[in-house]
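Hey, can you work out the whole structure from these sequences and the hints?
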Amino acid sequence: MSTPAASSARPIPAPTAPPLAADHMGALRSVLFCGCYAVGRVLERAAHDAALLAYHAAAGLTRLEDVRAAIARQPENNGVVELGEDYATSGLTDWEAAFYPRFLRPEDRVLLVGCGRGRDLLALREHGYRVEGLELVPERATAARALLTRRGFSPDVVEGSIETAALRGRYDAVVFAWFCYSVIPGAATRVSVLRRVAEHLAPGGRVLLSYIPCEAPPRAAAIRVARLVARASGADWRPEAGDVLWLSWRHRIAHYTHLHWPGALAREVRAAGMAVAFEEAGEIGTAVLTPAG
Numbered sequence: 001m002s003t004p005a006a007s008s009a010r011p012i013p014a015p016t017a018p019p020l021a022a023d024h025m026g027a028l029r030s031v032l033f034c035g036c037y038a039v040g041r042v043l044e045r046a047a048h049d050a051a052l053l054a055y056h057a058a059a060g061l062t063r064l065e066d067v068r069a070a071i072a073r074q075p076e077n078n079g080v081v082e083l084g085e086d087y088a089t090s091g092l093t094d095w096e097a098a099f100y101p102r103f104l105r106p107e108d109r110v111l112l113v114g115c116g117r118g119r120d121l122l123a124l125r126e127h128g129y130r131v132e133g134l135e136l137v138p139e140r141a142t143a144a145r146a147l148l149t150r151r152g153f154s155p156d157v158v159e160g161s162i163e164t165a166a167l168r169g170r171y172d173a174v175v176f177a178w179f180c181y182s183v184i185p186g187a188a189t190r191v192s193v194l195r196r197v198a199e200h201l202a203p204g205g206r207v208l209l210s211y212i213p214c215e216a217p218p219r220a221a222a223i224r225v226a227r228l229v230a231r232a233s234g235a236d237w238r239p240e241a242g243d244v245l246w247l248s249w250r251h252r253i254a255h256y257t258h259l260h261w262p263g264a265l266a267r268e269v270r271a272a273g274m275a276v277a278f279e280e281a282g283e284i285g286t287a288v289l290t291p292a293g
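To convert, note that position 7 of the sequence shown is 7 in this note's numbering; the numbers rise steadily by one, no gaps.
Just to be clear, a hint being listed does not mean it is correct.
[What the hints assert, rightly or not] Distance windows between CB atoms, simulated:
1. T149 / A202: 23 to 31 angstroms
2. W95 / A232: 39 to 47 angstroms
3. A50 / G128: 51 to 59 angstroms
4. E199 / G40: 53 to 61 angstroms
5. L52 / A72: 22 to 30 angstroms
6. F153 / H48: 48 to 56 angstroms
For the record, the hints were derived by calculation from the structure and aren't laboratory data.
The beta carbon of each residue, even a glycine, is placed where N, CA and C say it ideally should be.
Quick look at the structure:
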């Protein structure tokens, strides 16, 4: 028999799951978050792509002389001038010290294309190589001559462009210094330069160059826009896949560099009638070229 107290007792309810409405709201928030995030990423990408197309359209309105002027300014923009004598006498960089002695002999007659203010030219002279310099910018050529003279070497530096300068005789090796091959604008021009250099190689001669590698061909849409604008505007320069351009209000083109992806350098070399005897593409691309056949 139950007592009155027992009969009035109520059982404690067991815990229950949250209401279904709460589950629905959580799921809705997740869906909305994912949707908003995805839209944001799409808009961000669209804005980036639109900006890229606009910049390349602007590049299509520039002239070849703007590009060449940017190339001439680049060492100054990178702060080389401010480094002064300490930089000029700092010797070869690590990659140069590993690359040059591997393919140069002390008895070689060497032309250093793009010798700048003479840092690597002086270093190679101090290592015993018979090196002459070629420099595009008059002020830098003068600085290189002065540096060699101060250090007791003959100031063998010619002022001019590798495209047009009068080359004196034949060389056992032609070295394109510090990525200067990557600042020759246009594949056709680079091929023409290689052909010209090959004509001045002695038997057994070779070309040493460095370049800036990339993993894959750049996206072509922006370059197509730049080339379309260039044709429509009658500009005398056509940007190409692999060209990296920095634009500015003051100079139009503030910086120019060309990137080479796997196989791109080899195509230019073959077009010039040469062969790639050695190539290594890490952070810095290096290659040795020889006349084909």
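**Q.** Unsatisfied constraints (hint numbers, rising)
**A.** As far as the earlier hints go, not one is violated by this structure.
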